[in-house]
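In case you want the letters, here they are:
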Amino acid sequence: MQRDGRDILLDVRDLRTYFFTEDGVVKAVDGVSFHVRRGEILGLVGESGCGKSVTSLSIMRLITPPGRILGGQVLFDGIDLLKLPEPEMVRLRGSRISMIFQQPVSCLNPVFKVGDQIAEVFQVHEGVSRVEGWRRAVELLRMVGIPDPERRAHSYPHELSGGMAQRVMIAMALALGPELLIADEPTTALDVTIQAQILDLMRELQRRMHTAIILITHDMGIVAEMCDRVAVMYAGQIIEEADVQTIFTNPQHPYTRGLLGSIPVMGVVRPRLDTIPGTVPNLINLPPGCRFAPRCQARLEHQARLGNRCLEENPPLIHTGPGHQVRCWLYP
Amino acid sequence: MVNYLIRRLFQMMVVILLSSMAIYAIMNLAPGGPLSGINLGADRKSRLSPEEIRRIEEFLGLHRPLHWRYIVWLLGEDWLDEVGLKSLQRTSCREIATECTRGVIRFDFGDSWRLAAGQKVIDLIWFRLPNTLLLMTSATLLSLLVAIPIGIYSAVRQYSLLDYAATTFAFFGTAMPVFWFGLMMIFIFSGPRSPWHQVLGLPYLPTGNNFSLRPPQPGSLLYVLGATPGSPLDRAVHLILPTIVLSLLYMAGWSRYTRSSMLEVLRQDYVRTARAKGLVERVVIMKHALRNALIPIVTILTLEIPGIFSGAVITETIFNYKGMGRLYYDALQADDWPVVMALLFITSLLVVFANLLADILYTIVDPRIRLE
Numbered sequence: 000m001q002r003d004g005r006d007i008l009l010d011v012r013d014l015r016t017y018f019f020t021e022d023g024v025v026k027a028v029d030g031v032s033f034h035v036r037r038g039e040i041l042g043l044v045g046e047s048g049c050g051k052s053v054t055s056l057s058i059m060r061l062i063t064p065p066g067r068i069l070g071g072q073v074l075f076d077g078i079d080l081l082k083l084p085e086p087e088m089v090r091l092r093g094s095r096i097s098m099i100f101q102q103p104v105s106c107l108n109p110v111f112k113v114g115d116q117i118a119e120v121f122q123v124h125e126g127v128s129r130v131e132g133w134r135r136a137v138e139l140l141r142m143v144g145i146p147d148p149e150r151r152a153h154s155y156p157h158e159l160s161g162g163m164a165q166r167v168m169i170a171m172a173l174a175l176g177p178e179l180l181i182a183d184e185p186t187t188a189l190d191v192t193i194q195a196q197i198l199d200l201m202r203e204l205q206r207r208m209h210t211a212i213i214l215i216t217h218d219m220g221i222v223a224e225m226c227d228r229v230a231v232m233y234a235g236q237i238i239e240e241a242d243v244q245t246i247f248t249n250p251q252h253p254y255t256r257g258l259l260g261s262i263p264v265m266g267v268v269r270p271r272l273d274t275i276p277g278t279v280p281n282l283i284n285l286p287p288g289c290r291f292a293p294r295c296q297a298r299l300e301h302q303a304r305l306g307n308r309c310l311e312e313n314p315p316l317i318h319t320g321p322g323h324q325v326r327c328w329l330y331p
Numbered sequence: 000m001v002n003y004l005i006r007r008l009f010q011m012m013v014v015i016l017l018s019s020m021a022i023y024a025i026m027n028l029a030p031g032g033p034l035s036g037i038n039l040g041a042d043r044k045s046r047l048s049p050e051e052i053r054r055i056e057e058f059l060g061l062h063r064p065l066h067w068r069y070i071v072w073l074l075g076e077d078w079l080d081e082v083g084l085k086s087l088q089r090t091s092c093r094e095i096a097t098e099c100t101r102g103v104i105r106f107d108f109g110d111s112w113r114l115a116a117g118q119k120v121i122d123l124i125w126f127r128l129p130n131t132l133l134l135m136t137s138a139t140l141l142s143l144l145v146a147i148p149i150g151i152y153s154a155v156r157q158y159s160l161l162d163y164a165a166t167t168f169a170f171f172g173t174a175m176p177v178f179w180f181g182l183m184m185i186f187i188f189s190g191p192r193s194p195w196h197q198v199l200g201l202p203y204l205p206t207g208n209n210f211s212l213r214p215p216q217p218g219s220l221l222y223v224l225g226a227t228p229g230s231p232l233d234r235a236v237h238l239i240l241p242t243i244v245l246s247l248l249y250m251a252g253w254s255r256y257t258r259s260s261m262l263e264v265l266r267q268d269y270v271r272t273a274r275a276k277g278l279v280e281r282v283v284i285m286k287h288a289l290r291n292a293l294i295p296i297v298t299i300l301t302l303e304i305p306g307i308f309s310g311a312v313i314t315e316t317i318f319n320y321k322g323m324g325r326l327y328y329d330a331l332q333a334d335d336w337p338v339v340m341a342l343l344f345i346t347s348l349l350v351v352f353a354n355l356l357a358d359i360l361y362t363i364v365d366p367r368i369r370l371e
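As given, the protein sequences belong to chains A and B, one line each in that order.
By numbering that gives the first Met the number 0, the letter at position 289 of the first sequence is numbered 288, and the numbering carries on one by one without gaps.
By numbering that gives the first Met the number 0, the letter at position 101 of the second sequence is numbered 100, and the numbering carries on one by one without gaps.
For the record, the hints were derived by calculation from the structure and aren't laboratory data.
Be aware that one or more of the hints could be misleading.
Restricting the straight-line Cα-Cα distance to at most 35 Å, the calculated cross-link-like pairs of lysine-lysine (DSBU-like) are [to be verified]:
(1) K44/B - K321/B
(2) K286/B - K321/B
(3) K44/B - K119/B
(4) K82/A - K44/B
(5) K286/B - K119/B
(6) K44/B - K112/A
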């Protein structure tokens, strides 16, 4: 796979976003690189607090103080978003790149009708009238499967269920047919049955509009169902990247294997699911070596070969196969 | 909603009744009584004898037991005649007045005892009210006009230099006693001998009152503007200092309310959504955030309504401004109980109604709130 091929829509290179808090510098995103092709769904996977959301907000340039993007490049269709003047970035948000979030109800403004909130996207980006914006908002609500959209457009967010609110958010995000949709745990706050509906809706619209999606999740089940490729994040870094088949059949990083071991497999009876011992390291005082080393079982098993390298030196991200990269001293 | 309002109206009636009891009890249980000061400062010749004092007590109905006095104050005396209890009426009602009082429940607050003896209390209030409304609305509007933008800026640029300056100013405004600050303002800006006039040579302001009685003196702002005594311009110039003193006090509070409300809102997910859909920061702040941040501000503002009617006691007193606050102060000084109790009762009514209004307004500004 050529990283600079014409089908690359988003190319994130060595992105670093730190938060300058009173307790110290939190290195939430520390040298993250990955790319998204046009029309594909990339899963961004990892435990809570590993930097997935900060990565996505950095792409949108929506990091607020004390957070700051320190370096790297975010090449979107060949343009470095991090160097783009703010007015042009504003024009891009919501039209070519949009985003949906985890808590759909609290993401909608409680004092405005949902119809107006969707119409606002058309008003701001296309300069249409409120009436025209409203008409198109109703059409969008119909498209995302909201029954009785004319009446629903008059609802306030608190009158909607979580699933309905997420449909509204999706309608708002896809209003102008963006090339990239960043979905930050879009179904985590929803009931399981609603989750499936929302994911179906996203996939259907993605196929119809040929939108690329970065799907942030910690649910490997959703990854298997939705994604073309997967990037696994750990403590602010990408530790493995591969297409979805490879990730499930040949996971290489001990952390990825741990993640996969912690999901139940149909038909396989196990007394208990595997867990990864320990917790994500404090992002202020990171261990000097591999960030996963303190929790790594494989490190102990291969101690003879690796020595103390894992604890002393952070491994680079290396290619181990076509489109398969891993950050671990076990390879090659 | 209708059910809720009916229930609220019943509750309000109970609260008003209880507060009327409290007002009456507090005034009447205070030691001394209204006539205790009657001989203060009187020389031997004009001193009133105990018999004369007793006659005044009977005239005012003060010799009756507390509960009868309360009932008469609340419900009036005109009906006592019809139910055959004419003897309970005050002497003043039976023998002098052509009409007996109708009680505060029917907005008859009786006659003033001393401030404007014999005049109806309600007339006194109607006379003072416009002055206070003018002062309080200008102070409130001025303070909101300045404080809300400051509050927004302080929240958006939290910990900036201007935020620190506004915070310092707010603490100063809250901590500073109005009687001292008012006097300082008079000292600096008022009268021909003020530093404002003496040192800087700028036209000085009036020291107090609502309007001038004499033509303006050379060197005063009134003279410069050519204001004729009693004209609207004359009154406006007299409003300047009390308005500024009150505004600074209110500004301190309003800017803090706005700042904290705005800070709370700026953290919300929907503000991030507004940015993510491509709104410029100005629209994010002034539409999506401010609309939500103003919800608590509207509520607090509504609860300030009683204050707009009852006035600012200290400021009006310092500036000798003839408003409701000054009336209250003078009535307390003069033991003019009908006036004092009328003002307290009206204020308690306004507090109760302002609370209801705040709740109703809340449902309008925040669609999430429904009155059940």
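Cross-check of the supplied hints:
1. K44/B - K321/B: holds, 34 Å
2. K286/B - K321/B: Violated, at roughly 41 Å.
3. K44/B - K119/B: holds, 31 Å
4. K82/A - K44/B: Cα-Cα ~94 Å, so violated.
5. K286/B - K119/B: Since the Cα atoms of K286/B and K119/B sit roughly 50 Å apart, the hinted pair is violated (cutoff 35 Å).
6. K44/B - K112/A: Distance of about 79 Å is beyond 35 Å: violated.
When the structure is compared with the earlier hints, violations turn up for hints 2, 4, 5, 6 and for no others.
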